[in-house]
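Q: This is what each chain is made of:
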Amino acid sequence: MPHRFVDHTGEVELHVEAASEEAVFAETLAAFAELVGRGGDGEHGRRTIELASPDRPTLLVDWVNELVYLAEVDGFLPGRVDELTLQGNRLRAVVGGRVGAAPANLVKAATYSGLELERREDGWHARLVLDV
Amino acid sequence: MTAASEALRRVGDVVWEIPASARPDMRVPARVFADEELLEAIRADRSLEQLENVACLPGIVDAALAMPDIHQGYGFPVGGVAATEPPDGVVSPGGVGYDINCGVRLLALPLGAEELGGRTEALVHEISRAVPAGAGKESLELDAAALEDVLRRGPRALVERFGIGTEDDLEHTESSGRLDGADPAAVSDRAHERGHAQLGTVGSGNHFLELQRVDEIFDAGTSAAFGLREGQSTVLIHSGSRGLGHQVCTDYVRRMDGVLARYGISLPDRQLACAPLTSPEGREYLAAMAAAANFAWANRHAMAHAVREAVARVVGRDAANGTRQVYDVAHNVAKLEPHGGRELCVHRKGATRAFPAGSPDIPADFRAVGQPVFIPGSMGTASYVLAGEPGAMERSFGTTCHGAGRRMSRTGARRRIGGAELRRELETAGIVVRCPSNKGLAEEAPFAYKDVERVVDVVARAGLGRRVARLRPLGVVKG
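Read top to bottom, the protein sequences are chains A and B.
Throughout, this note's numbering is defined as the position within the first sequence, counted from one, plus 15.
Throughout, this note's numbering is defined as the position within the second sequence, counted from one, plus 218.
If we strip away everything but chain A, and leave its shape as in the complex, we get:
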């Protein structure tokens, strides 16, 4: 399973397995979209996201926090990654989704608690705890 939500008493713990680091970021977006759901149809929209972080795990946290911000302020609920490039500790992505659909559930933030983003024998693995 590319992503799964693991039992966590207080919050939501997300585990992602993917073939590449880029795919981890794309799958994390899919998990975020599943978590927030959609309160209405809205209109198709695209957003370009550019981020720079001190390291790759932090970049993953920043990625989710950018999605949280867009959902809450812009009413943009992501659906898919159209383009995603990682260069050093920078990310550039074009994301397709719905605007004005309103999330069915809210995510407050991605945390650093137990944060993991690492290469394993069978691919890439990430672990992220979200405050909901």
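Calculated cross-link-like contacts (lysine to any residue; reagent style SDA-like; alpha-carbon spacing at most 25 Å): (1) B:K657 x A:D22; (2) B:K657 x A:R113; (3) B:K657 x B:A348; (4) B:K657 x A:F20; (5) B:K657 x A:A48; (6) B:K657 x A:V114; (7) B:K657 x B:E339; (8) B:K657 x A:G57; (9) B:K657 x A:G115; (10) B:K657 x B:D669; (11) B:K657 x A:A45; (12) B:K657 x A:A119; (13) B:K657 x A:G52; (14) B:K657 x A:H18; (15) B:K657 x B:H343; (16) B:K657 x B:E645; (17) B:K657 x B:A638; (18) B:K657 x A:L85; (19) B:K657 x A:A117; (20) B:K657 x B:T646; (21) B:K657 x B:A600; (22) B:K657 x A:H30; (23) B:K657 x A:D56; (24) B:K657 x A:R53; (25) B:K657 x B:R642; (26) B:K657 x B:R690; (27) B:K657 x A:E42; (28) B:K657 x A:V88; (29) B:K657 x B:I635; (30) B:K657 x B:G630.
To be clear, the hints were calculated from the coordinates, so they are not data collected in a lab.
On a predicted model such as this, the values are computed, not experimentally measured, just so you know.
Since the structure of chain A is already known, use the hints to place chain B on it.
A: Just chain B now, kept in the frame of chain A:
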């Protein structure tokens, strides 16, 4: 059993301790208030390991404390308390949490639940219409100047600018609804953007408004001082600083994570990111956190106004005018307070200030009995009104628990019951439910929480607070 569990030793009737020697990086012991049964639930997740991690913070004094409703969080456990001492002691944004000044406010209606009678469902429905829940944010939208005023002065800005609420409401709010030192300039543009249209909204997760009946009085004198009588209708409001507070925490955890090396701080969990209280980062966080806390008090203040308007529409204007605020307490905050002759920064993460009788920091009409504390149980069970006791000042930096405390994950709760089924169960028990999401409802099922009676019993046995009254739910509006 984890290493933290193995190191735990009983040191009192309901007090347990992990000695500082259990780990080389612990600076103080980790102390837990619990009975055997609660401890079993506490041992089941990573709460104790997280509490040990808190005991590693630079400048922490006495012990890292856990209230009986403790459960696993991120960085700090929920139900955790840590006091640090300036100048080298640190402030940790994660030790306050993303929902800065999440808290509860209790309103007392001037009529009994029986007088409300057949209008109960109508009132719950009207409250659900008056207070946007979930992702809804169409409430009191503030322009930039008004938002800045709210960040500086909290609900006082709403009283003076818009005539919302009363002076009496402000007086019956912890810290009068305003933390000193709030600086809107320390709050990022993003936080302003997330907050400006969210005032008066309950949000989602475990936030709610509950219509209740005072079910039992345990302390008649204190209950009278709080203005509560058996059979009375009350409304409990649980919410916080919404997206504004979440963004403040996000901003400062990231910023402090980047300066740990500069201050020579190493931590067992990045989410504990912190900076010395006297550092530029520490001071700016405290200024931003104070602004977010003021926003949260204004948020609950605006919701209380909406509840009064709902009461006016269903019961009448006289009943709305007679709806009195008992008190409002913060659950997630760091405050500079004097304890034992020292000024300490007390982090309360899912914990409630509980100052006793005689404290100059509580309203004059409560000074003979102690500060009111509200302990929400869960939908379908009961909530408690407590009063702060002297033991809290001696043993927990003037703190008690903040709720029943989760014992089951959200996914675990959803596996066990569906939202529609839970809705039917609650309605069969006579509890009116308004919740936009069946998924969200199931996640907050009563069995997902610890037994609130047991949690309150531990608090009383530990001398942190005493029972004043119990409140039973009549209807719940869930975020």
